[in-house]
Amino acid sequence: MDVSDILAAHEAKQKAVTVEKDIPLEIDAGFLTVTDLNPVDKESYDADREEYLMSIARDGAQALLAALFSLPTTSSPDGPLAQLPPPTTQLPRAKPLPKPKPPTKWEQFAKAKGIHKTRKDKKVWDEAKQEWVNRWGWKGANKDKEVQWITEVRANADVDHDPVKAARDARKARVAKNEKQHQQNLARAMPLPVGTSSTGAPADRKKQIDRTLAVTRTSTASMGKFDRRLEGEKKLKGVKRKFDPTEISAASEKSRDLAILSKLDKEPSTKKTKSSESSASDVLNVRKAIRSASKGKGSAALAREAGGGKGKNFKKGKR
Amino acid sequence: MLRTVKPKNARSKRVLQAREPKEIEDPRTAIFVKGTHAGERVNAVMKELMALKRPHAISFSKKNAVRPFEDASSLEFWSQKNDAGMFVVGQSTKKRPHGMTFVRMFDYKVLDMCEVGVDDWKSMAEFKTPKATPGHKPMLHFASELFESHPRFVQLKSMLIDFFNGEEIDAIHLAGLEHIISISLGPTPPTMNAATTTLEASTSTAEDPSTLPKVHIRAYTIRLLKSGTRVPRVELTPMGPSLDLSLRRHTEADAELWKQAMRRPKLRKQDVEKGLGKKRKNLEVDEMGDLRGRIHVGKQDLGKLQTRKMKGLKAGRDDMLVDAEHDDPMLVDDEGGDDDAEDGERRRKRAKAA
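Chains as they are written, first to last, in full-length UniProt numbering: chain F, 1 to 319; chain B, 1 to 354.
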């Protein structure tokens with residue numbers, strides 16, 4: 001029995017699949033990449049370039065495949081899949097990292113309770129019809145009550161109880177409730193603008209409630225004076241009445257009295273006369289002028305047109 | 001620049017959601033644009049590259065006057081409109097004949113660019129050999145030590161990996177590995193060696209790109225032959241286009257933008273347990289897959305340990321018994337010895353308790 005032949009044959013087989021290089025090849029299995037850091041051999045390169053390039057590519061491919069075939073595999077319906085490790089080369093991302101969204105109220109509850117998401121199928125087995133029907137959508141099972149031609153009605157039901165309408169309204173209400181909850185989730189997920197602890201919708205609501213409460217506290221027969229204050233209620237701020245001091249200087253008294261006298265001299269002014277006096281309108285009736293110039297559209301439209309006309313003359317840049 | 005689109009139906013909403021940033025990204029879509037004068041060679045090369053890049057490739061049919069190194073605004077607009085991460089701009093001028101520029105984007109802004117000139121090429125049609133199925137992932141092979149040391153080649157390597165294979169995948173069907181794309185350089189000129197490349201990167205070699213060795217891109221299909229061992233022997237057949245490129249201009253990424261682009265998502269618990277992440281001391285995953293920790297307790301003085309008290313084992317007990325015998329004449333018994341004395345004590349104690 002000459003074992004050396006068998007050994008030599010085995011050696012040869014092993015040699016055929018292993019690659020020997022000065023610097024070992026770096027393999028990044030995650031990206032299916034192999035890098036050969038050995039310097040390019042000038043003589044072989046000049047002698048026969050394509051052959052040389054193919055030979056070093058073959059060595060690289062051999063090393064990479066050896067690494068890939070040694071990875072753990074899982075079976076799948078298409079055949080064995082090799083589990084790839086995470087890649088070692090760092091490549092830049094194409095888009096920035098996503099911002100983590102806060103979980104919704106349901107998601108928090110489900111996490112706390114340990115409820116998992118179950119995927120529902122679109123088709124559902126209908127025992128009566130003995131076939132698969134859609135759960136929702138065209139001819140969906142959720143519209144059965146609205147479609148069926150006869151419904152049982154309770155004995156004490158209204159004369160004009162419409163079961164079809166009732167079923168439809170219930171379905172629409174469910175959709176509306178879901179949409180409202182979705183909007184609330186989105187609003188909760190939106191980050192509050194910078195420094196909005198005292199402003200914003202919830203703060204406004206709080207202020208509104210406080211104001212209403214203050215009004216209700218004084219809307220009793222004795223204006224809230226003799227009501228017992230509950231614990232937690234703050235003292236209501238009243239309007240502070242300011243009285244002038246009894247002794248004022250002679251100069252200030254004189255100026256005050258002269259002001260009263262000058263007011264007595266003047267004609268009583270009405271709103272209409274005030275506005276027409278402030279604008280020098282003896283010559284031009286501004287209101288009528290705007291109306292005719294804007295052809296009834298108003299001053300805002302006139303201003304817009306004036307601004308737009310100037311802008312139109314600029315040449316727009318080529319795309 | 002672009003108006004934000006509000007989705008009006010479920011389909012457009014799905015498209016918008018697909019474009020949102022994700023933790024693990026999709027492969028980059030490349031847009032192939034032609035400049036005012038591209039030329040026959042550049043046109044054909046871009047077509048072949050698109051064939052290798054399918055299906056994540058878009059080709060613009062019209063010619064556009066775009067100069068990537070001067071004005072990047074058109075590129076930004078197109079990337080936002082088409083949700084593309086890479087561009088290949090083909091242009092041929094008298095000063096720069098048969099030029100192609102690879103542009104990479106981050107957050108719809110230009111990250112970095114690399115211009116190459118196509119010196120020589122052979123079409124896929126000239127190789128009368130079977131081709132790999134489009135859409136399959138290629139294997140990549142980089143051959144030269146300059147890909148590690150020279151910054152321009154490091155950028156080129158990163159750009160080409162992103163172009164061909166930029167997707168992170170968990171598992172791959174080994175039978176689907178059909179082709180390999182090999183990128184090799186010419187021999188390193190003697191003026192450049194490992195010592196000088198990193199030092200002089202910004203000075204002489206960058207200004208004079210003609211001293212840099214040429215880039216050869218070759219594509220081969222793989223044949224696996226039986227070898228008797230579990231790993232098959234690999235044989236290559238030239239398949240696809242073969243390109244000889246020379247490096248021209250380039251722009252490096254802005255440091256701030258690059259830092260943002262290189263941000264990684266936080267490692268999840270499963271990854272830490274697998275062994276990634278910072279090495280945490282005293283934690284290890286044993287063969288069963290359980291996470292085991294070690295608690296180090298300080299040195300203990302066993303003499304001072306608090307244990308259950310057993311009176312009989314107390315140190316000064318014998319002396320005490322001898323004294324008790326002398327005191328109480330009733331209990332003195334020469335024959336009984338210790339046991340009787342002990343019983344006597346117990347009886348006495350019970351009497352006391354009662």
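Note that these hints are calculated values from the structure, not bench results.
Watch out, some of these pointers could steer you wrong.
[To be verified] Some residues of chain B that are not near chain F, with every Cβ distance over 12 Å (derived):
| hint | residue |
| --- | --- |
| 1 | K22 |
| 2 | M124 |
| 3 | P151 |
| 4 | L257 |
| 5 | R292 |
| 6 | R294 |
| 7 | G298 |
| 8 | G316 |
[Said to hold, decoys possible] Where chain B lies over chain F, by a calculated footprint (3+ residues, C-beta under 8 Å):
| hint | segment |
| --- | --- |
| 9 | 25-32 |
| 10 | 37-48 |
| 11 | 65-71 |
| 12 | 84-94 |
[Unchecked claim] For lysine to any residue, the following SDA-like pairs were computed, each having C-alpha atoms within a straight-line distance of at most 25 Å:
| hint | chain 1 | residue 1 | chain 2 | residue 2 |
| --- | --- | --- | --- | --- |
| 13 | F | K99 | B | K128 |
| 14 | B | K22 | F | A29 |
| 15 | F | K172 | B | K226 |
| 16 | F | K95 | B | K131 |
| 17 | B | K13 | F | M54 |
| 18 | B | K128 | F | A82 |
| 19 | B | K266 | F | A189 |
| 20 | B | K266 | F | G30 |
| 21 | F | K139 | B | L247 |
| 22 | F | K95 | B | K137 |
| 23 | F | K177 | B | N9 |
| 24 | B | K122 | F | E43 |
| 25 | F | K95 | B | I161 |
| 26 | B | K266 | F | A110 |
| 27 | B | K131 | F | N178 |
| 28 | B | K131 | F | A29 |
| 29 | B | K22 | F | Q108 |
| 30 | B | K137 | F | P103 |
| 31 | B | K6 | F | P103 |
| 32 | B | K131 | F | R58 |
| 33 | B | K6 | F | V175 |
| 34 | B | K13 | F | A173 |
| 35 | B | K226 | F | D5 |
| 36 | B | K13 | F | N178 |
| 37 | F | K99 | B | K226 |
| 38 | F | K99 | B | Y108 |
Virtual Cβ for every residue (Gly too), placed ideally from N, Cα, C.
Ascending list of hint numbers which this structure does not respect: 1, 4, 13, 15, 16, 17, 18, 21, 27, 30 and 37
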